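Participant: When you get a sec, could you build the whole thing from the sequences and use the hints?
Every position in the sequence shown, counted from 1, becomes a number in our numbering once 859 is added.
Worth double-checking, as some hints may not be accurate.
Unchecked claim - The calculated DSBU-like cross-link candidates involving lysine-lysine, where the alpha carbons are at most 35 Å apart (straight line), are:
#1 939 <-> 965
#2 1010 <-> 1140
#3 984 <-> 931
#4 878 <-> 912
#5 931 <-> 908
#6 965 <-> 1010
By construction, these hints were calculated from the structure, which means they are not laboratory data.
As the structure is a computational prediction, the values presented were derived from the model and not from experiment.
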Amino acid sequence: MLNSKSILITGGTGSFGQKFIEMILDRYNPSRVIIYSRDEFKQDMVRKKFMSKLTKEQQSKLRFFIGDVRDKERLYRAFKGVDYIIHAAAMKQVPACEYNPFEAIKTNIHGAQNVVDAALDCGVKKVVALSTDKAVNPINLYGGTKLVSDKLFISANAYSGEKGTIFSVVRYGNVAGSRGSVIPFFKELIEKGENELPITDFRMTRFWITLEEGVELVFKALEESKGGETYISKIPSFKITDLAKAMLPGCNLKEVGIREGEKLHEVMVTKDDSRMTYEYKKHYIVYPHFDWWNSEGFFSEGGQSIEDGFEYNSETNEEWLSVEELRELLSQLDMIPFIDDKNKE
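Facilitator: Printed below as a string of structure tokens:
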């Protein structure tokens, strides 16, 4: 499907972008992969990383475009001749968004609209936008901006017509080992010789998803989306206290209090969304619920509608990871080098 195609990823120097580059070049033979982001230093670091381990043919397929999703003119230039777009660029740090709300809106909302407009006008075939559990029942500005972004991408299908650009969304929570997440935070403390790990709330639970699983879900969306779907992986849950015990056996745990804008549990599918959600072997799909959406022949094969009132919540999930299983998964974790932890794209 992606062979001989031109693919662009916004915010492509982040953890997801690096894994996406690695997997798409390993599995497919695209004509080019464009990494579009605003930080020249991070682009240079990613370029050096991949140039040292790719074949010359693979190296020739990589393109690095400096640009910001806030700049619509630059997006129009970058999107010309592009078949598929993965939109990963965003301000993602909750405290940074709270302290800089206007900037978060410019990037996460206005930037999303710019991507939609440019993709429609440039004739891009498909766009997959990355979302977050924080967009579900949001309690912080980051989640609020991502909720609006999701709505923009889903509703964009009404503008594209029957043969125009197809827009879909992929939603997951914090990726295990990605920069800014709890695993590298604990790892840093352990490497400093700390015997006590801080836990914001002992009741806290999260979903476990790896970068590879996140990229696989994007591949699925690119392959089968027809417009307006939200894809969510079926993944196990874990307790943050068990993660700490897996990383530092015998450690002391200190409850430090939940931070502003932080949730106790991750929710991927709300009870209200359940009416339009179908369950598949390895994932869920929330289908759009609009007058313009024609459901005839639209649903992906092999799924069944879930019970009304169902909620996909990390606290009530049926699959859980034990301390031993977490320790095994941590040993297999391929953590992306941290280029810049302060300003995610």
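Participant: Work down the list of hints and note, for each, if the structure agrees.
Facilitator: Do the hints match the structure? See the list:
1. 939 <-> 965: 23 Å, holds
2. 1010 <-> 1140: 26 Å, holds
3. 984 <-> 931: Between residue 984 and residue 931 the Cα gap is close to 19 Å, so the pair holds against 35 Å.
4. 878 <-> 912: 14 Å, holds
5. 931 <-> 908: 29 Å, holds
6. 965 <-> 1010: Cα-Cα ~16 Å, so holds.
Violation of the numbered hints given earlier is absent; every hint is satisfied by the structure.
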